[in-house]
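Chains as they are written, first to last, in my numbering: chain A, 1 to 165; chain B, 1 to 165.
Simulated from the structure, these hints should not be mistaken for lab results. Be aware that one or more of the hints could be misleading.
Because identical chains cannot be distinguished in the list, a pair is counted as satisfied if it fits within a single copy or across any two copies.
To be verified - SDA-like, lysine to any residue: derived pairs with alpha carbons at most 25 Å apart: (1) K78 <-> S46; (2) K92 <-> F79; (3) K106 <-> K129; (4) K119 <-> R164; (5) K129 <-> V43; (6) K106 <-> R58; (7) K81 <-> R164; (8) K119 <-> R3; (9) K81 <-> A2; (10) K119 <-> P30; (11) K78 <-> V43; (12) K81 <-> V43; (13) K106 <-> D138; (14) K81 <-> S46; (15) K119 <-> S46.
Because the structure is a prediction, the values reported are computed rather than measured.
2 protein chains.
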Amino acid sequence: MAREIGTFDAFAETMECMQGDGILLVAGYPPNPMTIGWGSLGVVWSRPVFQVLVRPTRYTFGLMEEGQAFTVNIFSEKFNKELSICGTHSGKDLDKAAACGFTMVKGEQTTAFYIRESKIHYECRIIHKHLLDPATLDPAIIERYYPLRDFHMVYYGEIAGVYRN
Amino acid sequence: MAREIGTFDAFAETMECMQGDGILLVAGYPPNPMTIGWGSLGVVWSRPVFQVLVRPTRYTFGLMEEGQAFTVNIFSEKFNKELSICGTHSGKDLDKAAACGFTMVKGEQTTAFYIRESKIHYECRIIHKHLLDPATLDPAIIERYYPLRDFHMVYYGEIAGVYRN
Numbered sequence: 001m002a003r004e005i006g007t008f009d010a011f012a013e014t015m016e017c018m019q020g021d022g023i024l025l026v027a028g029y030p031p032n033p034m035t036i037g038w039g040s041l042g043v044v045w046s047r048p049v050f051q052v053l054v055r056p057t058r059y060t061f062g063l064m065e066e067g068q069a070f071t072v073n074i075f076s077e078k079f080n081k082e083l084s085i086c087g088t089h090s091g092k093d094l095d096k097a098a099a100c101g102f103t104m105v106k107g108e109q110t111t112a113f114y115i116r117e118s119k120i121h122y123e124c125r126i127i128h129k130h131l132l133d134p135a136t137l138d139p140a141i142i143e144r145y146y147p148l149r150d151f152h153m154v155y156y157g158e159i160a161g162v163y164r165n
Numbered sequence: 001m002a003r004e005i006g007t008f009d010a011f012a013e014t015m016e017c018m019q020g021d022g023i024l025l026v027a028g029y030p031p032n033p034m035t036i037g038w039g040s041l042g043v044v045w046s047r048p049v050f051q052v053l054v055r056p057t058r059y060t061f062g063l064m065e066e067g068q069a070f071t072v073n074i075f076s077e078k079f080n081k082e083l084s085i086c087g088t089h090s091g092k093d094l095d096k097a098a099a100c101g102f103t104m105v106k107g108e109q110t111t112a113f114y115i116r117e118s119k120i121h122y123e124c125r126i127i128h129k130h131l132l133d134p135a136t137l138d139p140a141i142i143e144r145y146y147p148l149r150d151f152h153m154v155y156y157g158e159i160a161g162v163y164r165n
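Isolated chain A (complex conformation):
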């Protein structure tokens, strides 16, 4: 059972997992998990917000654009094999949720699905997005992360609920 917790209660765990590739963003139907290593949490427009980045070249991009919702799923280390599958394959070629043996569950608050095997999940509705503009981005960042100029779309997800599973 998913038990609701405070919006920011899992921040420390979330940042820790983020630095260890332990986070899956899920969007679309059939729901597709994608590994993310970057993200922010805070308050914008007086709403709790989780910001995530997706390159327009990714399979997940179309799912985000279509569904306007996503979940962020935090994993413990014992799922390293599954996280590795999600980090090295595209949903274009593989049903990653099935390959990982994940149980995909319809969100409590959003249309996006979450992964029952995650320890914590955030449910988010997209309220804003912006494509990174190289004109206002540190040149060292462009050189390091965007040699192909495939700049990320930044999605602002209003956090509708946070759950410990």
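Based on these hints, arrange chain B on the given structure of chain A.
Quick look at chain B alone, frame taken from chain A:
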């Protein structure tokens, strides 16, 4: 003395103060404090980032554009009087730091100044900014926060240091 702490150690305190109008953004020289109620913390481009929002109509906007650095200063409730001065005056008309009796100190890591009387401060260098685009923003947010269409600039500050003062 400012004692350095972990980048995300003060997240809970920061979010709590954010919801209670206890945060001052400082930029420019002479350094000018502005009350902020919104912001996010996380990891983007593998760097710790504090995102803040400033309307281009604000005095602080020019200071951010010029200095490319800022500090975020977290206050305890006993500074309510000072926070109220900062929240109701513009640096155009008043030296708010002097009016509050604040001690402005040059940052340890950045050119921006911080306020010695704050309990915690973040020092940030601007690595990206983007002006909110109404075309990709929830219409309910536009109606509620932007009747004058004075959309915020979102500044991404790379966190160079976090200190308990």
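Here is what the structure says about each hint:
1. K78 <-> S46: Between copies only: 24 Å across chains, 36 Å inside a chain, cut-off 25 Å.
2. K92 <-> F79: within (22 Å within a copy, 55 Å between copies)
3. K106 <-> K129: within (23 Å within a copy, 35 Å between copies)
4. K119 <-> R164: Within one copy only: 6 Å inside a chain, 32 Å across chains, cut-off 25 Å.
5. K129 <-> V43: both (15 Å within a copy, 17 Å between copies)
6. K106 <-> R58: within (22 Å within a copy, 43 Å between copies)
7. K81 <-> R164: Within one copy only: 21 Å inside, 40 Å across.
8. K119 <-> R3: within (11 Å within a copy, 34 Å between copies)
9. K81 <-> A2: within (23 Å within a copy, 43 Å between copies)
10. K119 <-> P30: within (21 Å within a copy, 48 Å between copies)
11. K78 <-> V43: between (32 Å within a copy, 23 Å between copies)
12. K81 <-> V43: between (34 Å within a copy, 24 Å between copies)
13. K106 <-> D138: Between copies, since 24 Å is at most 25 Å while 39 Å is not.
14. K81 <-> S46: Between copies, since 23 Å is at most 25 Å while 38 Å is not.
15. K119 <-> S46: between (27 Å within a copy, 23 Å between copies)
Violation of the numbered hints given earlier is absent; every hint is satisfied by the structure.
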